[in-house]
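Protein chains in written order, with my numbering: chain A, 1 to 174; chain B, 175 to 323.
If you're looking for bench data, these hints aren't it; they were derived computationally from the structure. A hint or two may mislead.
Said to hold, decoys possible - Here chain B is said to cover these stretches of chain A; the calculated rule only asks that three of the stretch's residues, wherever they fall, bring their Cβ under 8 Å from a Cβ of chain B:
1) 79 to 87
2) 119 to 129
3) 134 to 146
Stated by the list, open to error - A short list of chain B residues far from chain A (calculated; beta carbon distances all over 10 Å):
4) G200
5) Q228
6) A234
7) D250
8) A258
9) R259
10) I264
11) R298
This structure is a prediction, so every number in the text was calculated from the model and none was measured. A virtual CB, placed ideally from N, CA and C, is assigned to each residue, including glycine.
Chain by chain, the residues run as shown.
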Amino acid sequence: MRLLRWLLVPIVVLPLAWLLLSGFGRDPREVASPLIGGPAPAWTLTTLDGETLSSADFAGRPYVVNFWASWCGPCVDEHPVLTGTRAELGDDLAMVGVLYQDATADADAFLTRYGDTGYSHVTDPDGRLAIDYGVTGPPETFFVDAAGIVRDRQFGPLTRALMEERLASIGVTP
Amino acid sequence: MRAAGLGGLIALIAIGVVLAVSEADGATPAERTGALAAELRCPDCQGLSVADSQTTAARAIRRQIDEMVASGASDDEVRAHFTARYGDWILLAPSSPLVWLIPFAAVLAGLLALAAWLVRHPARPGVAPAPLTDEQRRRLHEEAEALDA
Numbered sequence: 001m002r003l004l005r006w007l008l009v010p011i012v013v014l015p016l017a018w019l020l021l022s023g024f025g026r027d028p029r030e031v032a033s034p035l036i037g038g039p040a041p042a043w044t045l046t047t048l049d050g051e052t053l054s055s056a057d058f059a060g061r062p063y064v065v066n067f068w069a070s071w072c073g074p075c076v077d078e079h080p081v082l083t084g085t086r087a088e089l090g091d092d093l094a095m096v097g098v099l100y101q102d103a104t105a106d107a108d109a110f111l112t113r114y115g116d117t118g119y120s121h122v123t124d125p126d127g128r129l130a131i132d133y134g135v136t137g138p139p140e141t142f143f144v145d146a147a148g149i150v151r152d153r154q155f156g157p158l159t160r161a162l163m164e165e166r167l168a169s170i171g172v173t174p
Numbered sequence: 175m176r177a178a179g180l181g182g183l184i185a186l187i188a189i190g191v192v193l194a195v196s197e198a199d200g201a202t203p204a205e206r207t208g209a210l211a212a213e214l215r216c217p218d219c220q221g222l223s224v225a226d227s228q229t230t231a232a233r234a235i236r237r238q239i240d241e242m243v244a245s246g247a248s249d250d251e252v253r254a255h256f257t258a259r260y261g262d263w264i265l266l267a268p269s270s271p272l273v274w275l276i277p278f279a280a281v282l283a284g285l286l287a288l289a290a291w292l293v294r295h296p297a298r299p300g301v302a303p304a305p306l307t308d309e310q311r312r313r314l315h316e317e318a319e320a321l322d323a
């Protein structure tokens with residue numbers, strides 16, 4: 001009986017304390033996306049240049065959908081990773097930025113200040129595409145393979161290493 | 175008098191229409207949108223429902239619920255629409271009712287453990303304190319009087 005009481009601490013209390021403590025370091029929004037393994041949402045939206053762009057334009061090619069905003073600090077951090085990937089891969093990988101709750105003038109100013117990405121950005125005026133992708137806050141990036149299936153998602157800013165890891169899921173090697 | 179009668183008739187018809195409409199499917203579309211919005215977590219707030227938040231994302235979701243309700247979607251279809259995009263995370267209440275039982279089970283387990291402990295460690299039979307001796311009683315009075323003084 002006395003032995004049982006001493007075993008209580010390592011068997012019950014420690015795992016429970018570990019479980020609760022580990023929860024502190026995690027963002028509750030960072031849950032697995034239910035989209036992974038399923039078809040990517042389809043859309044037709046207007047770019048910052050005023051042209052019409054559609055997900056169908058990427059058919060047969062792997063592509064990356066990056067949700068961002070000019071008011072988002074971590075988006076500044078990942079900006080060089082995105083432009084770098086674009087410069088390196090060119091047309092081997094289609095990329096598109098989606099404005100998340102942002103004004104087009106502010107987005108234009110952001111791109112002027114931090115440098116053009118070399119790919120198009122679309123506006124999502126009623127937030128429908130953000131809902132379809134289940135976005136909870138920028139930056140959030142989705143990786144779609146050539147068959148149009150969502151293979152991976154990056155929650156939070158991309159680093160060079162994370163970008164390579166996620167791109168591997170859609171068969172692209174920088 | 176006639177005006178009052180006419181007013182009463184109109185009021186009765188209005189009540190009848192309201193009752194007929196609300197009984198037709200239990201709730202008005204606005205009530206259904208409100209109830210569904212209260213079940214969903216606002217994506218870009220901390221611990222608020224879509225109904226309680228004024229963020230752009232919450233408004234966009236409310237608009238979409240409105241559209242779905244207007245086009246005849248059932249409550250379950252609306253919930254499924256959003257869980258397919260955000261996962262079960264978007265639901266404020268856990269989908270499994272069993273989860274609600276965990277706190278009660280924990281309290282019950284604690285009570286059982288306490289009961290088991292009490293059975294194993296019964297209170298020792300009480301021993302009445304020995305009566306005071308005359309000497310102790312005299313000192314008690316002395317000190318009590320000293321305090322009063």
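**Request:** Please settle this one: A258 (chain B) was flagged as non-interface, so is its CB more than 10 Å from every CB on chain A?
**Result:** 6 Å, violated
**Prompt:** According to a criterion of three or more residues whose C-beta lies within less than 8 Å of a C-beta of chain B, is the region 119 to 129 of chain A covered?
**Reply:** holds (count 3)
**Item:** Stated coverage of the region 134 to 146 of chain A by chain B [criterion: 3+ residues, CB within 8 Å]
**Value:** holds (count 4)
**Prompt:** Taking C-beta pairs only, is G200 (chain B) more than 10 Å away from all of chain A?
**Reply:** Non-interface label on G200 (chain B) holds, nearest chain A Cβ at 27 Å vs cutoff 10 Å.
**Prompt:** For Q228 (chain B), is the shortest beta carbon distance to chain A beyond 10 Å?
**Reply:** Per Cβ check, Q228 (chain B) is outside 10 Å of chain A; nearest 13 Å; holds.
**Outcome, coverage hint (the region 79 to 87 of chain A, chain B; C-beta under 8 Å; three residues)** = With 0 residues closer than 8 Å to chain B, the region 79 to 87 of chain A misses the three-residue bar; violated.
**Asked** Would you say A234 (chain B) is clear of chain A, with no C-beta pair closer than or equal to 10 Å?
**Response** For A234 (chain B), whose nearest Cβ neighbour in chain A is about 4 Å away, the distance does not exceed 10 Å, so it is violated.
**Message:** Please verify that the nearest CB of chain A lies beyond 10 Å from D250 (chain B)'s CB.
**Reply:** 16 Å, holds
**Asked** So is R298 (chain B) really clear of chain A, every C-beta pair being over 10 Å apart?
**Response** 20 Å, holds
**Request:** Just double-check I264 (chain B) for me: nearest Cβ-Cβ distance to chain A has to come out over 10 Å.
**Result:** 8 Å, violated
**chain A versus R259 (chain B) - minimum CB to CB distance exceeding 10 Å, so not interface** = With a cut-off of 10 Å, R259 (chain B) comes too close to chain A, as the shortest Cβ separation is near 4 Å.
Checked against the numbered hints above, the structure breaks hints 1, 6, 8, 9, 10 and satisfies the rest.
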